[in-house]
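This is what each chain is made of:
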Amino acid sequence: MTATLFFVQALNGLQFGLILFLIAAGLTLVFGVMDFINLAHGVQYMVGAYLVAAFSAWTGSFGWALLLALPTALAFGLLLEALVFRHLYDRDHLDQVLATFGVILFLNQGVKFVWGAAPLSVPVPELLSGSVEIANGLLYPVYRLAIIAAGLVIAALLYVLVNHTRVGMLVRAGASNAAMVSALGVNIQRLFMVVFGFGAMLAGFAGAMVAPILSVEPGMGDNILILAFVVIVIGGIGSIRGAFLAALMIGLVDTVGRSFAPNLLRLVLDPAAASQTGRAIAPMLIYIFMAAVLFFRPSGLFPVKR
Amino acid sequence: MTEIAETHPAPAPSLGTRLEVIPVMLFAAFAAAPLLATFSGAEGYVLSLLTRVMIFGIAAMALDLILGYGALVSFGHAAFLGLGGYAVGILASHGFEDALIQIPVALLASAAFAFVTGAISLRTKGVYFIMITLAFGQMVYFLATSLAPYGGDDGMTLASRSLIAGSGWLENDFTFYWFCLLCLFGAYALSRSIVASRFGRVLRGTRENAVRMEAIGFRPFRFQLAAYVISGMMAGLAGCLLANQAEFVSPSFMTWQRSGELIFMVVLGGLGSLHGAIIGAAAFLLLEEFLPEILHTVSFFLSEETRAHLAENWKMVFGPLLILVVLFVRGGIMGLLRRPHHG
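Protein chains in written order, with the numbering used here: chain S, 6 to 311; chain Z, 856 to 1198.
Quick caveat, the hints were computed from the structure, so don't treat them as lab data.
Some hints here could point you the wrong way.
As the list claims (entries may be wrong) - Cβ-Cβ distance ranges computed for the label pairs, FRET-style:
1. W63/S with S1154/Z: 26 to 34 Å
2. A188/S with A1044/Z: 49 to 57 Å
3. I1149/Z with V137/S: 55 to 63 Å
4. V119/S with E1069/Z: 52 to 60 Å
5. R91/S with G1190/Z: 19 to 27 Å
6. E1167/Z with W63/S: 23 to 31 Å
What the hints assert, rightly or not - The calculated lysine to aspartate or glutamate pairs, modelled on EDC-like cross-linking and capped at a C-alpha distance of 16 Å, are:
7. K117/S with E222/S
8. K117/S with D227/S
9. K980/Z with D97/S
10. K980/Z with D40/S
11. K980/Z with E1063/Z
12. K117/S with E1063/Z
Claimed, not checked - Reference listing, derived: stretches of chain S covered by chain Z, where coverage requires no fewer than 3 residues with Cβ under 8 Å from a Cβ of chain Z:
13. 16-22
14. 94-102
15. 110-116
16. 280-286
Every residue, glycine too, gets a C-beta built ideally from N, C-alpha and C.
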C-alpha cells in the first residue's frame, strides 16, 4: 500500500515538477540573457489559464482553446515587453522587482475586472478524461499523464532548440555575455524580444495545461512564481538543464514531502506530535532545501560559466 | 544630516538645513495629529490610520537601514513583522500579557532569526540574496499557516492589547498612538545615530565597493550581518505594535506581497534617508486608503456606475502608478523635495 501510494505521489510530483519547469525555463532564460528579474512571470501563467478558460467556453473545445491561447499569450507577453519591461533592462534589480510587482497588482485586479473574482473551471477534454490502470488496481487520471508527456516533449524540444539551433546558440551566448553578442552584430533587442515572448508563451502554456485540474482564479500565479524562483536559483540562473533538474527535485520534494513527512516523523515522535510537526515542516521543506543548496553552492547547482 | 555633509564635501549650506527641517516637520505633524483628529469628527478612524502609518514607518525604516545604506535588497522583511506579531499573540495566549515580557521576547526571536538567516543569505550576492531572503520569508509564512494551535491559516485574535507593567493603558487609542510615536521616534533616533557612526560609514562603504572595504582592512560580512540583525529587530518591534493595533495576528502579516510593499514604501519615499521611508510608508498607506475615493472624485464626468466600478478596481490604477514611479521618479519623494535646489 505504501509503495503504491509513494508511486502515485511520485507521479504527481513529476507532473508538478514539469509544470514548474515550463514556468522556470522562461524565467531563467529571461534572467540569464537579460539580467532581468521578472516577478510578472507568474501572472503570465495565470493569463494562460484564463485565456484557455475563456476560449474553451467560447469554442467548446479544449484543443481549439489551447491553439488560440498560445499565440494570444505570446502576443500578450510581447505587449508587456514593449510597454513596460523594455524600459527596465538597464535598471538595477530593485527597480525591476518593483515595476514588475506593479504589473502583478494590475493584472491580478485586471482578470478580476474582466472575468470576476470567482474561480473559473475548465472541463477536462473528453479525449483525455477518465483514468487508466497503470499497475495492479492503481488508477491514475489520463489527463495528468498527458501533462507529464507534454512537459517531457517540451523539455526535449527546448533542449534541441537551445543546444542545436542558431537561435539557441545566440541565447546561450547572450547568457554568457550579452554585450559581446551585441558587439558581434546581433540585434540584441530582437533577441531579447524573442526570448521574452517565448518565455511568456511557455508560462502561458503551463497555465493552460493546469487549468482543467486547478481552479482558475486571480492570484493563482503568485505562489507558483515563488516556487519557480526557488527552482531557478537552485538550478543556477540561466541554465535550462539546471532548471529542469531543480524543477523535478522541487516537484518531488514538495509533493512527496507533504504526504510522507508525518509518516517519517512517526518513527521518532508520537503520532499526534508527528502529524502536527509533519504538517508544519512539509511546506517548509523546499525552502530549507534551497537554503541548504545556496549555503554550499552560492550560485546554484549548475551555474552558467561566465 | 551632518553625515551627508561629511560624505559630500560641498553641498550648499541651505540644502543641509532645508533637509534637516523635514524630519522635524514630520514628527511635529505626528505629534499634532491627535489634537487635530479630535476636531475632524472621525477621530477613531484618523488615529488608527495614522498609528498604522507609524508602525509601517518603523518597518520601512528598518528596511531602509539595510536597503538604502547597505544595498541589501531583503525580499523577506515581512517575516519579521510576523515574528513580532506572533511573539505577542503566542505569549498572550499563554498568559504573558505584559509588553515588558512580549517585546524583549519578540526582539530576541527576531534577532535570532535574522542572525541565522542573515549569516546564510549574506554568503550570496545580488539576485541570489533577493531570492534567498524571499525563501526564508516564505518559510516563516508557511510555518505560521501550519501552527494549528495558534489559529493556522486563520490567525488568532488577541483578547486585549498588551499590558504595560500590569496596567492596561494601551487599550486607549490615544495612549497607544503616543506609544507608537515614541517607538517610531526611538527607532529613528537609533537609526540616525547608527548611520552617522563609524559602523554606518563602513556599511555605506561596503555598499559602494565591498572589495575596497576589504582591502582597507574591514570584514564587510560582519557589518552587514550586524545591520541585518538590527534591522530585523526593528521590524520585529513594528510587528509587536501591528499585532496590538489590530488585536489580531495572522500569516497574512508576512506574505511575500507584504515584503514587496515594504520595499515599495522605502523606494517611494527615497532610499537612504530614513525619514524618507516613513514618508514613503505614509504615502503608500494613504494612497491605498484614499485612492478609491480619489478615483471616484476625479472621474466626475463619467456615469455613476462606471465611477463605482473604477473605485472598486483601484488596484488597476495603483499598479501602473507603481510602475510609473519606478520609471520616472528617481529618488522617490525625498528626491522630488531635493530637486529644485540642484537646479
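Provide an ascending list of the numbers of those earlier hints which the structure does not satisfy. As far as the earlier hints go, 12, 13 are violated by this structure, in ascending order.
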